[in-house]
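Fit chain B to the supplied structure of chain A, relying on the hints for placement.
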Amino acid sequence: MEENQRKDQPVSRRTFLKNSGLVLGGLVVGGVAGGLLVRQREQAPQQPGTGSKQTADFNQALMFFTPEQFKVIDAACERIFPEDELGPGAKALGVAYFIDHQLAGDWGSNARDYMQPPFYPGEATQGYQGRLKRREIFEIGIQEMNNYSNEKHGKKFYELTPEQQDEVLKAFESGEVNLTTISASSFFQMLRSATLEGLYSDPLYGGNKNMDGWRLKRYPGNQMAYTQVIEQEKFVEMEPLSLRDHQSG
Amino acid sequence: MAKRLPKVDVVIVGVGWGGGIIASELTKQGLTVVGLERGKERKTEDYYMVHDELRYALRYEMMQDLSKETITFRNNTRIRALPMRQYGSFLMGDGLGGAGVHWNGQTFRFLPYDFEIRSKTIERYGENKIPADMTLQDWGITYDELEPYFDKFEQMAGISGEENPLGGKRSNPYPTPPMLASPPLKLFTEASKKLNLHPYMMPSANLSQAYTNPDGISRSACQYCGFCERFGCEYGAKADPVVTVIPVAKQTGKFEIRTHSYVRRILHTGNRATGVLYTDVTTGEELEQPAEIVVLTSYVFNNVRLLLLSGLGRPYDPNTGSGVIGKNYAYQVIRGGAVGFFEDREFNLYAGAGALGACLDDYNGDNFDHSDLQFIHGGNIAISQLGQRPIANNKTPKGTPSWGKEFKAATLKYNYRALSVGAQGASLPFRHHFLDLDPTYRDAFGDPLIRITFDFEEQDRQLAAYLAERCGEILKEMGADKVEVNSKLGPYEITTYQSTHNTGGVIMGSSPETSAVNNYLQMWDVENLFVVGASAFPHNSGYNPTGTVGALAYRAAEGILKYSKSGGILA
Chain A
1 MEENQRKDQP VSRRTFLKNS GLVLGGLVVG GVAGGLLVRQ REQAPQQPGT
51 GSKQTADFNQ ALMFFTPEQF KVIDAACERI FPEDELGPGA KALGVAYFID
101 HQLAGDWGSN ARDYMQPPFY PGEATQGYQG RLKRREIFEI GIQEMNNYSN
151 EKHGKKFYEL TPEQQDEVLK AFESGEVNLT TISASSFFQM LRSATLEGLY
201 SDPLYGGNKN MDGWRLKRYP GNQMAYTQVI EQEKFVEMEP LSLRDHQSG
Chain B
1001 MAKRLPKVDV VIVGVGWGGG IIASELTKQG LTVVGLERGK ERKTEDYYMV
1051 HDELRYALRY EMMQDLSKET ITFRNNTRIR ALPMRQYGSF LMGDGLGGAG
1101 VHWNGQTFRF LPYDFEIRSK TIERYGENKI PADMTLQDWG ITYDELEPYF
1151 DKFEQMAGIS GEENPLGGKR SNPYPTPPML ASPPLKLFTE ASKKLNLHPY
1201 MMPSANLSQA YTNPDGISRS ACQYCGFCER FGCEYGAKAD PVVTVIPVAK
1251 QTGKFEIRTH SYVRRILHTG NRATGVLYTD VTTGEELEQP AEIVVLTSYV
1301 FNNVRLLLLS GLGRPYDPNT GSGVIGKNYA YQVIRGGAVG FFEDREFNLY
1351 AGAGALGACL DDYNGDNFDH SDLQFIHGGN IAISQLGQRP IANNKTPKGT
1401 PSWGKEFKAA TLKYNYRALS VGAQGASLPF RHHFLDLDPT YRDAFGDPLI
1451 RITFDFEEQD RQLAAYLAER CGEILKEMGA DKVEVNSKLG PYEITTYQST
1501 HNTGGVIMGS SPETSAVNNY LQMWDVENLF VVGASAFPHN SGYNPTGTVG
1551 ALAYRAAEGI LKYSKSGGIL A
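Protein sequence lines, in the order shown, are assigned to chains A and B. Counted from 1, the first sequence has number 194 at position 194 by the numbering used here; the numbering is strictly sequential. Counted from 1, the second sequence has number 1149 at position 149 by the numbering used here; the numbering is strictly sequential.
These are calculated hints, taken from the structure and not from any lab test. From the three backbone atoms N, C-alpha and C, an ideal C-beta is built for every residue, glycine too. Misleading hints may appear alongside valid ones.
Unchecked claim - Cross-link-like lysine-lysine pairs, in silico, DSBU-like; alpha carbons within 30 Å at most:
(1) B:K1405 to A:K170
(2) A:K71 to B:K1405
(3) B:K1028 to B:K1565
(4) B:K1413 to A:K234
(5) A:K91 to B:K1398
(6) B:K1398 to A:K234
(7) B:K1476 to A:K91
(8) B:K1169 to A:K234
(9) B:K1254 to B:K1007
(10) B:K1482 to A:K234
(11) B:K1482 to B:K1398
(12) B:K1003 to B:K1040
(13) A:K234 to B:K1194
(14) A:K152 to B:K1193
(15) B:K1395 to A:K170
(16) B:K1120 to B:K1007
(17) B:K1040 to B:K1007
(18) B:K1040 to B:K1068
(19) B:K1395 to A:K234
(20) A:K156 to B:K1405
(21) A:K170 to B:K1482
(22) B:K1068 to A:K170
(23) A:K156 to A:K91
(24) B:K1129 to B:K1007
(25) A:K152 to A:K133
(26) B:K1476 to A:K234
(27) B:K1068 to A:K133
(28) B:K1169 to B:K1413
(29) B:K1169 to A:K170
(30) A:K133 to B:K1040
(31) A:K170 to B:K1413
(32) A:K155 to B:K1405
(33) B:K1488 to B:K1562
(34) B:K1395 to A:K91
(35) B:K1413 to A:K91
As the list claims (entries may be wrong) - Residues from chain A that face chain B, not an exhaustive set, calculated with beta carbons under 7 Å:
(36) F81
(37) G122
(38) G127
(39) Q129
(40) P220
Chain B on its own, in the form it takes in the complex:
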């Protein structure tokens, strides 16, 4: 029998960006909040020894321990799903701050087109443009409605950037100027201008200068040390929940964080959540935390899994298309890109920052005419200088052996002479891409793992090939002596790192028939349960998702505050 704890106003499950934002906004307004975090405490002082590629980037120091819990995967329902036994395609975060600690900090706003994608696609191209099995949906909110929340997230995180000439309207400029432009970025910018494209500096959560945010939190500037993605920041320069929103919530005295607390079920009576059941993993003790309002703020997979394990919401059925929990799982089409080799020039590629880049949206969203193309949407095209670490980066021209004397000579020669321009392709939903519970494989507690059924489609192959050619054109204009275009997108495979931009499963929308949550991320079926994160995306855009996750979290926080006063289904 689980020990029952005193009731609180709000319990949040997972203390990353979503949980941190919700906690700070709610506690500022006087609500008492308990945050349950399955991992350990994290703080900036943990990162004295962070410049360690092997430990952090290749042994996954900051990631979820797969021996305890993983996901299973199959390309389609005709084959047996098998566990992801080792890391590859994406990396699930763990510990205080979650994936918000080991991200790169590339902070975009999705395009106005994204939020009304179905309506706008039909309006311009007709209904037939959308493949029959593509479950494309509007989001139940417009860009203009979400704009104030984007702004709030950017002010809080201190995003460094300049206006995107092809982006949605902004109410405020970025709070800090763009990052310093390195020579590869300058080459990209000049070349794409010559091609009549519209480059801009990538919006960055690695601060370009010292910044104090509206909550009074001060952070120092990025030092371009080259250790962002998969690492924590030893300067606190990269915005993450631990150095921004969590201390604000703590300061109120209303926020209690319990680490090593693994939430296993959402408790409910009928269609009302009553709290959560969790295990203290240090003692094995089971505890019940009752609350007026429950907020799921874990990663996509656990948001979906907890709902399914708890029997909440209507599970999605790919055969009938009915139900919503697990629907519209999407990812990112990252394979379309090009590499350029410069024989006479070396760049200081060991230096960099997670969001040091230049990019353009001429081929993103519906910013270009798709009439004669066999796909919709597109992707942001970017050059980035993340800091090229030596184990993972050994670029050689095609045809070079992968080991031996020639390999050695080529890797040493081209180490600082190769630049990549890549596209971050949108991933659109299909009826047969979904999440559900695996019938066979279990976690350390004996609960079923989440199962992914996903593959790349013709839409993705066409999109990747098109964007790869555009990347190649830019690299040629940049003066590369040799350009290799990688336009072939094979089947989705889970062994090679592509992107930790998994989305969907608890999607938002304007109708309970087709979505799980409304535009405050409140569950249609369970009004005191909010589900926050990229799980709410009905599709994934051609951008990194965190900016939009942050905006939606601020929107949800406002909804929770409203709900705590008035009750009922919002909006």
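Here chain A stands alone, though its shape is the one from the complex:
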């Protein structure tokens, strides 16, 4: 009975801390695991939404996009991962804010990429060889999405019906849209990857709001241990934890 009970319960951080005392007992173990044992917190981790007073989400403001650019990306991401009967989509999960914040930082400015000249067009096997940074590609891509939407339907991308928006995105994805400065299909792929990152990265980055992206995918987020899960035949679902739950010092 006790055995079954334990199996069916998610391994909470607390349980882990209790159990790991046994695992680590008698060993001189430095580092994080040892540190955690010493630094056991007084309080259980606060679950999102259980706080007594509601505060504004200060993270939901723009670091890079103009409001106009934001609307295009917000609409496009929602088509890539739409809200439906299965659960929230990119919009509700804050994906466009995530992308905005990423473009404002190292990733957007290709800070850790090799961006030295000379620039030559290469073979597909040699990867990206352009001189434009990701934020510049996004700015051009957004502009072109609006241009194309205007051309086809006389409206901006975010003013189109979802079906029309899908057509525009498909035209970009397939490279049917021929742009001079960037590759439409590469831009689309970048947007798609960034959308997945925004859905499923830790909520600290502005997407995966309230860990609802993880809940949708039944991903438990940031657990300390799965020693009690690893051999189980049955699928074990548990409430996710985020990096916030490690912010205990």
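Here is chain B on its own, set in the frame of chain A:
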């Protein structure tokens, strides 16, 4: 003018597995060692916030900063090599512990066949079995000679495993029992037994239980948290240099590590190394560290690059086949595999560990008859459960759109219902696969980048197709409702992650004509210079390379100790 520092016995360039092992073995015997590490200090306490897929796996937190230094690549000499501007195919480590910190911990021994691959292939199939442009060579050492060093590495790291029924002979069992077998691993094992294959649990450097190694270093057990590859371990459960060999070297009081120290040249007079020139990247100051013995222990690319930049050894010329530095660059053929979809079953795939797997070697090395096959060697076939992180893993059956409502539904449905069985194909050397200095592109100091010339060959395509079919057979036997076999190997491309198993360039062998180092990894042309790492592999086997890198590092350490007493070319 560089500032000249006091001379030491040994200077090592790069403090990862190679550097850490060399440092611990040499300092235990009383030599003074300085380790120069271009990156920063790393310690277990750095990983409180390590369960962050975006930061570590997709923004490459632990990897070399490509804005400062990268490699250039071309498929063949007819096209212009261009810089790898962003990460893709492989990930180069940085910082204390190097790539040894962000590895998965899959720790194999290469097969006896590997070390005598040329002789054994000819013996069984005749000389014509080896394509004319395949520069296949014996290693100048046998498995039996290397066995004690494999054992030493495994005891030090505490490898968890069970005997490979088709592997080389072992002098000792693995120091810790295998990892816990999850349901997908059990399915794989049962299915392959039914197919008369010989499965075993993957040898793992993620400890299955608490372990104290022969140096007295204690580490705790793996918690199956699912964050190994590209991450550091917050438990110290995954063996890495920072939690094993480096503290042992430090304890002797004979090992000094200098981080942020970027080695730019090996200094030499004639054919004797006199030390190294490096830049303190925090101040820009240039320093000269004289030493009796110089040991290169950086990643494959920098081992080769430093020799070429310093004018040491004979550069390889693909046109004549003469010279050795840069020769026999090889990789890994990772594309042959299969995915199975299970309609009625979900697995706890979010849990896992870097080396949690089951595997078999029935189609690896020369464990099967190649008489009627258009390739030699093969690969280890494995199922692994690394911990399926949500951004990178969105498996859907073929034909599913890659975005939109259908995509969403399929990714949510199949997230825990898809299992992969994959092959890690051997990569054999060809005359026109090599490393040299790029004529155009430079690093942050203005030095030429290393240039890779490499492509997949017919050998690789045949091997991948064959292994993919075998993976598919196993998945069918495992009961998958739908099996997709990915047997097509295109040209080598540098944009998609495949494997950080780059090998060769400073290869070992029994003759200075065809190899750069002897079987102690001592340079034939420069007797007080040792070059340690997978750069010494004359080809890459169908396995992860670290176990063999570790064994060779212990062998090299023994050679360096011998050399420090007697001098001269060893063996």
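May I ask which of the numbered hints given earlier this structure violates, with the numbers listed in increasing order? Hints 7, 8, 14, 16, 22, 24, 28, 29, 33 are the ones this structure does not satisfy, whereas the remaining hints hold.
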